[in-house]
Amino acid sequence: MPVRPTAARPRLTALLALAVAAGALTACGGSGSDPDTVKVSFKQSTDNSVHVMDAYLADVKRQFEKKYPGKKVDLVPIKAPDSEYYTKLQQMLRSPKTAPDLVYEDTFLINSDITSGYLKPLDGYLAKWPDWRKFIPTAKTAARAEDGRTYGVPDGTDTRGLWYDKALFAKAGLPAEWHPKTWEDVLDAARTVKEKVPGVTPLNVYTGKPAGEAATMQSFEMLLYGTGDGRADPLYDTASKKWIAGSQGFKDALTFVETVYREKLGPDVATALDPNIQTIVRGDLLPKGKLAIDLDGSWLPQDWQAGAGHAWPQWSTRLGLAAMPTQRGQAPGRVSMSGGWTWAIPAKAHNPDLAFDFITTLQSRANARKWYIANSGIAVREDVAADPAYVKAQPGIAFFTDLVASTHYRPAYPAYPRVSTAIQEAMEGVTTGDLSVAKAASGYDDALKDATGNQVVRR
Amino acid sequence: MNGGARRLRSLGRALPLSPAVVLLLLFLAGPIGYCAFIAFTDLQLTGQAHASFVGLANFRRAFGDEEFLNAVWLTLVFTVVSSLLGQNTLGLALAALMRRASKPVRTLTGGVVITAWVLPEVVAGFLLYAFFRREGTLNALLDQLHLPSQNWLFTLPILAVSFANVWRGTAFSMLVYSAALNEIPGEIEEAAEVDGARGRRLWWHITLPMIRRSIGTNLMLNTLQTLSVFGLIWVMTRGGPGGRSQTLPLFMYEQAFQNSMIGYGTAVALLLLVVGSLFSLVYLRLLRTEV
Chain A
1 MPVRPTAARP RLTALLALAV AAGALTACGG SGSDPDTVKV SFKQSTDNSV HVMDAYLADV
61 KRQFEKKYPG KKVDLVPIKA PDSEYYTKLQ QMLRSPKTAP DLVYEDTFLI NSDITSGYLK
121 PLDGYLAKWP DWRKFIPTAK TAARAEDGRT YGVPDGTDTR GLWYDKALFA KAGLPAEWHP
181 KTWEDVLDAA RTVKEKVPGV TPLNVYTGKP AGEAATMQSF EMLLYGTGDG RADPLYDTAS
241 KKWIAGSQGF KDALTFVETV YREKLGPDVA TALDPNIQTI VRGDLLPKGK LAIDLDGSWL
301 PQDWQAGAGH AWPQWSTRLG LAAMPTQRGQ APGRVSMSGG WTWAIPAKAH NPDLAFDFIT
361 TLQSRANARK WYIANSGIAV REDVAADPAY VKAQPGIAFF TDLVASTHYR PAYPAYPRVS
421 TAIQEAMEGV TTGDLSVAKA ASGYDDALKD ATGNQVVRR
Chain B
1001 MNGGARRLRS LGRALPLSPA VVLLLLFLAG PIGYCAFIAF TDLQLTGQAH ASFVGLANFR
1061 RAFGDEEFLN AVWLTLVFTV VSSLLGQNTL GLALAALMRR ASKPVRTLTG GVVITAWVLP
1121 EVVAGFLLYA FFRREGTLNA LLDQLHLPSQ NWLFTLPILA VSFANVWRGT AFSMLVYSAA
1181 LNEIPGEIEE AAEVDGARGR RLWWHITLPM IRRSIGTNLM LNTLQTLSVF GLIWVMTRGG
1241 PGGRSQTLPL FMYEQAFQNS MIGYGTAVAL LLLVVGSLFS LVYLRLLRTE V
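Taken in sequence, the protein lines are chains A and B.
Heads up: the first sequence is residues 1 to 459, going by our numbering.
Heads up: the second sequence is residues 1001 to 1291, going by our numbering.
Hints listed in this document are in silico derivations from the structure and should not be mistaken for laboratory results.
This structure is a prediction, so every number in the text was calculated from the model and none was measured.
Please note: incorrect hints may appear among the correct ones.
[To be verified] Listed below are the simulated EDC-like cross-link pairs for lysine to aspartate or glutamate, each with C-alpha atoms no more than 20 Å apart in a straight line: (1) A/Lys181 - A/Asp357; (2) A/Lys67 - A/Asp353; (3) A/Lys128 - A/Asp284; (4) A/Lys166 - A/Asp284; (5) A/Lys79 - B/Glu1067; (6) A/Lys370 - A/Asp353; (7) A/Lys71 - A/Asp34; (8) A/Lys264 - A/Asp185; (9) A/Lys194 - A/Asp268; (10) A/Lys288 - B/Glu1135; (11) A/Lys166 - A/Glu177; (12) A/Lys66 - A/Asp357; (13) A/Lys66 - A/Asp54; (14) A/Lys449 - B/Glu1067; (15) A/Lys196 - A/Glu263; (16) A/Lys439 - B/Glu1135; (17) A/Lys171 - A/Glu146; (18) A/Lys134 - A/Asp383; (19) A/Lys290 - B/Glu1135; (20) A/Lys439 - B/Asp1065; (21) A/Lys72 - A/Asp59; (22) A/Lys370 - A/Glu65; (23) A/Lys439 - B/Glu1066; (24) A/Lys449 - B/Asp1042; (25) A/Lys348 - A/Glu65; (26) A/Lys449 - B/Asp1065; (27) A/Lys449 - B/Glu1066; (28) A/Lys392 - A/Glu382.
[To be verified] Computed far set for chain A versus chain B, every beta-carbon distance over 12 Å: (29) Thr37; (30) Pro77; (31) Thr138; (32) Gly329; (33) Asn367; (34) Glu425.
All C-beta atoms, glycine included, are put in the ideal place defined by N, C-alpha and C.
Work the whole structure out from these sequences, hints included.
What follows is the structure, encoded as structure tokens:
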């Protein structure tokens, strides 16, 4: 049958031509970008009653459109929990059709996205921006990549510590001014609350995969970085550029988590592993006096300000603040972790210049101050940090700004997100009681080897 | 008629099909082919400038990965419990009972069951999350009956999500079986009854064989639908606690989008496709055998 193949060929070419045409048409359809509009993607709170970010951006948008007549700002909120926000963002950054002009990036992932080539170096812009000199030197490194270039402008940082309910402490016979010196002091206070004030949760320590990075950073690393001599990084060995496996500090931190849940000092395990645990703690447990101690971040009051949904102005008299102690009280005696978010310009942005103009508007001195106060952020601009209006804006700001001196930054290299997941899995194992500490720790070592391409050193 | 004219005519006949073919190639075959390609690379969502070809590494990795094997097992449990035993049998029972019921009962039951089906997956997920959680409806009912309550999503997560899938998906089977049962000519059943077949025997020897084809089709569609359930489980448990309700689609999502290993996640997706086709093969076999 000589007819078939020859008959098929014109049909096939026709089909191919159609396919190519359709492909080209769809590709053109999406990329019609307006040169006068800057598209800004940011993370919207999953709590419907919290609008801090939305209100702040709407305000800056008005200022920007007034300052640059004819230019427009298109705010594109992404309403998702942290981990899903990153995923969505990375998918958008992959293609010029979906990449916005400006993105809000967590320092936790920025190195990973830089390695992928998703972001644009900003050094050229920063050199011409006088305000950049006002940024605190450590903060300037928040988004500096291994290539020495800077890929994002930080809009503040954060620190972490212990929040405690003074009324519950009084009921339990614990001091109103509480300064735990060791991990054991923290656990003892929780045990006292459990015994003397039944019906409340003594101590919240985020744990497991549902809490995501909050479990890793607010809990585990706050413990881990308080082990050892307090100088060397217990997660990543900078000298050999390898990740640390099999350390005693890791097992001790896991033991702390295990103790909290085995002795029922924490929320009941099912609640602790609820994906909405952070909203439950901030919106329900703390304001309703159902939680005695919470190991958490400096930003909590942003949900409690007037107009923020769970308005709770009494928090400053009701809650006390204590620094998280090191394991045995060894120097420097306290520990904190820092992170924060930055504004970055995607490599595939259509209007990068306009996007940078928007960053400078966002981070003008007046706007930066407004933002730190609104979101309970810790200032990264020296002029704002020294501003009495900022220092006095909120009880606790002085406390958390002071912690910056003894804070640690995560080794936010490309493997970090998977290392973080491995930590959460180990935590979840000991929280549910499925795994012993030894088993969970060795599971972490295996996962670590896998996540880092065997760039592991035993310590 | 010469060859040229015939060729022209067959081309003319194929022309109306071409938009459909192009769409299928573009949006179905294209992505699937691209997926199959990515499954053999180490492509990542972030943290990597260039991907490279890694051969079968992703598949080898999957079979050595305890979590993957756990997900395969849970997927089988979920499919057998919620689709084969749950949706399928319950749908058939409902359809059979409704045939005998009065019109108002029929309308009411049908309405309730179909409402569950029409609800978006995520909404159904939230409803059942509220039903099973510690302060939920189920525990309130158990308390009334003085039975011990517990957090079902925590103690029996895979059964809780299976039940949720039965609740949501039974309507489809019910509709398929209602149609099939209505197709059975009344005379055949009457004749069987005259011959002395009653109740279970009538059901077993006459009714079931007559709707055999519908059973096969329904099982196949149900199974394929159940294998790909994601939103329902994601909303109710996120695969937890401790991976105890992490079926393959959730495992795939975690690897691809949370650990950003797109290559590995895609390989898992292909393996899920294999599981689906194995089930389909079994059902096709069932359909072919004559009674």
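Results for each hint:
no.	hint	result
1	A/Lys181 - A/Asp357	violated, 47 Å
2	A/Lys67 - A/Asp353	holds, 15 Å
3	A/Lys128 - A/Asp284	violated, 46 Å
4	A/Lys166 - A/Asp284	holds, 17 Å
5	A/Lys79 - B/Glu1067	violated, 29 Å
6	A/Lys370 - A/Asp353	violated, 24 Å
7	A/Lys71 - A/Asp34	holds, 10 Å
8	A/Lys264 - A/Asp185	holds, 17 Å
9	A/Lys194 - A/Asp268	holds, 13 Å
10	A/Lys288 - B/Glu1135	holds, 17 Å
11	A/Lys166 - A/Glu177	holds, 9 Å
12	A/Lys66 - A/Asp357	holds, 13 Å
13	A/Lys66 - A/Asp54	holds, 18 Å
14	A/Lys449 - B/Glu1067	holds, 16 Å
15	A/Lys196 - A/Glu263	holds, 15 Å
16	A/Lys439 - B/Glu1135	violated, 33 Å
17	A/Lys171 - A/Glu146	violated, 52 Å
18	A/Lys134 - A/Asp383	holds, 7 Å
19	A/Lys290 - B/Glu1135	holds, 16 Å
20	A/Lys439 - B/Asp1065	holds, 16 Å
21	A/Lys72 - A/Asp59	holds, 13 Å
22	A/Lys370 - A/Glu65	holds, 18 Å
23	A/Lys439 - B/Glu1066	holds, 14 Å
24	A/Lys449 - B/Asp1042	holds, 16 Å
25	A/Lys348 - A/Glu65	violated, 23 Å
26	A/Lys449 - B/Asp1065	holds, 14 Å
27	A/Lys449 - B/Glu1066	holds, 16 Å
28	A/Lys392 - A/Glu382	holds, 16 Å
29	Thr37	holds, 26 Å
30	Pro77	holds, 19 Å
31	Thr138	holds, 24 Å
32	Gly329	holds, 34 Å
33	Asn367	holds, 29 Å
34	Glu425	violated, 8 Å
Hint violations for this structure: numbers 1, 3, 5, 6, 16, 17, 25 and 34, all remaining hints satisfied.
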